[in-house]
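Which chain is which? The protein sequence lines are A and B, in order. Residues in the first sequence are numbered from 904 upward in steps of one, following our numbering. Residues in the second sequence are numbered from 203 upward in steps of one, following our numbering.
Everything labelled a hint here was simulated from the structure, so no lab data went into it. Watch out, some of these pointers could steer you wrong.
[As the list claims (entries may be wrong)] Derived DSSO-like pairs (lysine-lysine); straight-line CA-CA distance at most 27 Å:
id	chain 1	residue 1	chain 2	residue 2
1	A	K1042	A	K1244
2	A	K1378	B	K269
3	A	K1083	A	K1005
4	B	K269	A	K1328
5	A	K1380	B	K269
6	B	K269	A	K1329
All of these numbers come straight from a predicted model, not from anything done at the bench.
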Amino acid sequence: MSERGVIISNPYDRLSKEQVELIDKTSLELLQHPGILCYHEESVALLEKTGAIIKKTKEGEHDAWWVSIPPGAVKEALETAPSKVTLGARVPENRVVLDAEKTRVHFGSGSETNYWLEVEPETYISKDNKGERVFPIMKKKRGNLELLCRSAHLADQFENLDFFIRNVNVQDADITTDNKDVNVFFAALNNLTKPVISGVADLEQLEKVVKMAEIIAGGSDELRKNPLVAFITSVIKSPLQVVDETAEKLIAIARLGLPVVISTSPQGGSTAPIDDVGMVAQVNAEALAGITINQLANPGAPVIYGAVPVRARMDDLHDMYGVPEFCHYTMACAQMARYYKVPCYSTAGVGDAKVPGIQATMEKMLTHTMVPLAAPGLVHYAFGLLDKTQTFCPEQALLDNHQIGMIKFLQRESGVSSDTVEKTKKVVEEVMHSPYRMYARYARGMLRRGEIFSGFPFEGELEDQDQTLLLAHEKIKEMEQTEVKHLSEEICNRIFDKIPGLLPRLNPYREVK
Amino acid sequence: MSKDIIEMIVDNVLQGRRNKDDEGIEEGTVGQPGVAELVGDALEKGIEPDKILLEGLSRGMEMVGEKYESGEYFIPDMLTAAEAVEAGMEVMEPHLVGKGESGGKGKIVLATVEKDLHDIGKNLVAIMLKGAGFSVTDLGIDVPAARIVEVAEEEGADIIGLSALLNTTMINMEDVVKELEQKGLRQKVKVMIGGAPTSDDFAREIGADTYGKDAFAAIREADKLLKAGGDN
Chain A
904 MSERGVIISN PYDRLSKEQV ELIDKTSLEL LQHPGILCYH EESVALLEKT GAIIKKTKEG
964 EHDAWWVSIP PGAVKEALET APSKVTLGAR VPENRVVLDA EKTRVHFGSG SETNYWLEVE
1024 PETYISKDNK GERVFPIMKK KRGNLELLCR SAHLADQFEN LDFFIRNVNV QDADITTDNK
1084 DVNVFFAALN NLTKPVISGV ADLEQLEKVV KMAEIIAGGS DELRKNPLVA FITSVIKSPL
1144 QVVDETAEKL IAIARLGLPV VISTSPQGGS TAPIDDVGMV AQVNAEALAG ITINQLANPG
1204 APVIYGAVPV RARMDDLHDM YGVPEFCHYT MACAQMARYY KVPCYSTAGV GDAKVPGIQA
1264 TMEKMLTHTM VPLAAPGLVH YAFGLLDKTQ TFCPEQALLD NHQIGMIKFL QRESGVSSDT
1324 VEKTKKVVEE VMHSPYRMYA RYARGMLRRG EIFSGFPFEG ELEDQDQTLL LAHEKIKEME
1384 QTEVKHLSEE ICNRIFDKIP GLLPRLNPYR EVK
Chain B
203 MSKDIIEMIV DNVLQGRRNK DDEGIEEGTV GQPGVAELVG DALEKGIEPD KILLEGLSRG
263 MEMVGEKYES GEYFIPDMLT AAEAVEAGME VMEPHLVGKG ESGGKGKIVL ATVEKDLHDI
323 GKNLVAIMLK GAGFSVTDLG IDVPAARIVE VAEEEGADII GLSALLNTTM INMEDVVKEL
383 EQKGLRQKVK VMIGGAPTSD DFAREIGADT YGKDAFAAIR EADKLLKAGG DN
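If we strip away everything but chain B, and leave its shape as in the complex, we get (with noise of 0.2 Å):
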């Protein structure tokens, strides 16, 4: 008996397959529909967006994060899993519109601050937020924090990351809490921050909500801010 749809698209973000061009973490699965074609072909059959979101792409993610936790998958399962939801994401976006979901889980925007070129640490944050079901601004590297309020009011965001990997930019992330506050917008969006030199203490130190160690806690402190609200 053929697999349900959903239980396909579940299996298909496990296995990080974002189209039939994909590879699995099986052989023998290019050519075979990957996530994009399977949330394509859900919609077809009518089946609903919510469905295909919560038990389909949100489900598959749910258990790469068991299987990360339990020492079975590793980083490059988590981020070709994300990729493989974003790709499902996409298909499903038009759909989404109008029924108040277009966000997922909330909007974030993202940015490497001011005259700091890394962006890896921030990439995978990206990738991870988005495949966790939030939608993401990524403006890149070296961002003004003007320009990333900016983006942030324009959006209607709900959360600002902000990254830095150098003790000589990392003090640049208060310039974006300051920013904020300048505007009147501290009290509907909150900031997160993370990078190597980064931690608990300078978070509060610059007057940030939060700070995530890896990819990994970003989406738990994304997750406990959209969740605490407009507590701050």
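The following block holds chain A by itself, in its conformation from the complex (with noise of 0.2 Å):
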């Protein structure tokens, strides 16, 4: 059973009995009427075998259907797919048991980040007294593949975080499509013993990833039992349209029985309505779409409710994370999958800051604390995203991890037992006769045990700058130099004479030499 993330002993549920059952009525009712759109050939035909009605159109130069999906069919597919998914790791101590039916968390990275945002102490001085004054300068560079290493690196050593999604796009000019699935995948598994989840960009490399992870895993049998890569398909494009190509990867990846996000991500106000209601209608019943394809294609396959519903800026109609209205979404979908018993993949903490500081910490915050409220098995875009999800910075993600510690430690039980309260009482009676009337001594042995929660460990000595981004950057730097835990010389090598695209810096051991 997996021991990472935390349980949450009482779910914050956003919606009534009634109104998950009306929200589930209402996705089932959108997915018969309008229907969904459906690019994608194989899935309609999976779908009319179950009375789905169909109709054929003409989107531009696109073959599309209308298929009007019974609620029996999408019933049935809930029923066929497992409550419980289990992501694999290279060490067993961090694999992640997802049961729908339990209130685990687990917090991940992720997604896909342009921008690696470099921080650089600079020294100024003061133009009033001359004095020396240190500043973190933030410079922009394109993600490649040495960053994504470096990622996956430091991922490994937060102990918050339980799974990696690539969180670095990769731009190097030998990276092409028919290459660039085999390397991140590989930079990720030989930098981190993490689960690895992530997307394919070309449904002809998924064949080699999979290798690959036989390789590390051990065999075909053992990948199935101990699965170190899961995937990640965006199949639906709202509002309800089911994308030819990424419906191929989704059918495929059923059927080798590893575990998939159904990932869907519409924008209130503009592919999916703003308000509460029908926004959690339209991306249930998106999800339930994915979901049914997903189980048509292999009945109990493993599949992951994930929606990433998110509100638009009225502005500029840019995705907005750090909102209220966010939290809204999200709770209820969570709600939703747990009312289905399918895990569920959710999302919190990305900033819409451009910047680690104080209007990244208020929206990181409110979604790192709230989400996780509602329990739901996944929560992605965790550590570091900043500029919506543009940018990828890690002291950001450092610091992200300390505020996940946080809200972990907010979930402790409160420990009111008879038991307790009568040590209480001891306690209480003993400092009230010793000189000073002091708890320390009880503090201590607390603080010994664990019981304290640490504080925050960036806080510096100046009384009128905030060092806390200075002080990250000191300790990402110290990770930087910890030794990573790669894959063995044999696996690597063997993975590097079997699939073909891989490129040989990679490889730590070939390189030595």
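Given two chains presented individually in distinct reference frames, assemble the corresponding complex, making use of the accompanying hints.
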């Protein structure tokens, strides 16, 4: 059983039981009328077998089908979808077991950002008193494989990070559609020991990625028992459209028997209603459509209900994550997934802010605190994301790791019991009869048992300057010096022998030679 | 081979165990002799009180200070260790009287000044000073200047330590300095102050000898004052 993550003792129900049933009914009705607009012929064929009403149409140059999905088909898919899904890892203690009937929440990274934000301390001279001051200066870099490896190495060390979704979009000159997937999966698997979840850019590469994972896991059966890789498919283009190429991948992954997240990310105000009811009804319908196709392709295949609803900014229609509506949407979706007994993939911790600071902290704290209360199994985007999801900053990821530690600590049980109140009475009695009536001795016991939260680790000493980012930068430098837990030389070399397209510079052993 | 009893005293100071009933940092120590019992045993075995004090209790407390400086120990560790030293000192006291060591490092009278009822900071200072080997008379809270000086005179105190949390009561610290001057004791008794609204500047302003920003600073400042002797 997974020991990672945190158990939410009393999940917050944003929706009443009646409201959950009403959203369920509404989503199923939306899947019938207007139904989905499907661009993938095989999905249409699978749905047709369930009694779906199909009407062919043309969208621009593309063939498409209006599909009215009968509620029974969705309910049957939900029956066959497993409530437990394991995300494997290179080391057993890092495995994540998602159980839709339990309330354990896991936090992870993601998703592909275009920029890596480097923090560089620079010294300035004051105009007033000529004194020196050090300030953190932020510099943006384009993502590449080297940065992805660094990110995976750091992710392995963040104690509150439970799963890794690639957070750097690699833009190296020698990366092409034909070799991207194998290289980015290898970069992750060779630099951390936690579950790896990712999309695949090219269906042709899927087989190679799975072969690579089988070599690491020790065989095909071993990989199914310990799925070191899981996949994300954005099969739905909101509103309610099934994308041809992604549906193809979804079906292929289902048939491989590997876990897949059905990720749908409508934007309230543009591709989905902005109000709570409309958004949740639509995003829920979209997730259900994806699960139905997945289960029709391979009944019982491990599948995860992924809902990433965002709100539109009203001034430029960009995504907004750090707003209360975002919490409303995602918390309701987590509740819907639990109602269906399908593990849920959710989102928290994205800063709309462009750089670390007060705005980012406020936005992150809001969603990091609220979303897990609804007890989704997976919370992604939780580490280091800024500027919506455009930028990844390692120092911010470290601060987020600490923030998640606080959120996890918040979930501790009160400990009130007949035994503990008796102990309390004894302690109060003792202290009241001691010379200074102080509880320090008893605080020490809790301190040593790790029952007292450690406080903020990046507190500076200056009285007139926030040093958080500079101190986080020092810590990141220290973490980057630690040894990477690479795959063994034998496994690395086997992978490089068997899997075409891997860039030699990613093999730490061959490079040394 | 069993540990030397002095080493055991040091260990138990580090563990903050006053006596056999206390838990230490490590589990499973309840029932084993604590500092009070070990000091008693050491005295019975004829070990010189100086050795027990310097190589056991004081050495233990120095190590606690080092662990605090390195971040391994926290305030609760310091306070419990100081309490353990105090328990040992109580056992030692009859053996020190007559040897000119009953006051340990020196005598300090502590008080929160008149009209101020706050005592957490002052209590921390008292515990830590005792742990550091000072003899401390704590007069408590809301103590008039005249009473503080009266006790300091009776006890032959080297230092008066004053605490205040309010900026409305901190001005009463000056009354203590004036009272000492009026009684002709100012050259003999040093004054150190502390508390949230106070500062180095304020100490100078009212004619106090020093200011300590926390309990550790109080120990350092008290040591400095005693070393400086009557240079006031």
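We went through each hint and held it up to the structure:
1. A:K1042 / A:K1244: Since the Cα atoms of A:K1042 and A:K1244 sit roughly 44 Å apart, the hinted pair is violated (cutoff 27 Å).
2. A:K1378 / B:K269: Distance ~22 Å between A:K1378 and B:K269 Cα, so the pair holds.
3. A:K1083 / A:K1005: Answer violated: A:K1083 to A:K1005 is near 36 Å, above 27 Å.
4. B:K269 / A:K1328: Violated: B:K269 and A:K1328 sit about 32 Å apart, past 27 Å.
5. A:K1380 / B:K269: Given that 27 Å is the threshold and the Cα spacing comes to 26 Å, the pair holds.
6. B:K269 / A:K1329: The given pair, whose Cα atoms are some 30 Å apart, is violated under the 27 Å limit.
The structure shown violates the earlier hints numbered 1, 3, 4, 6.
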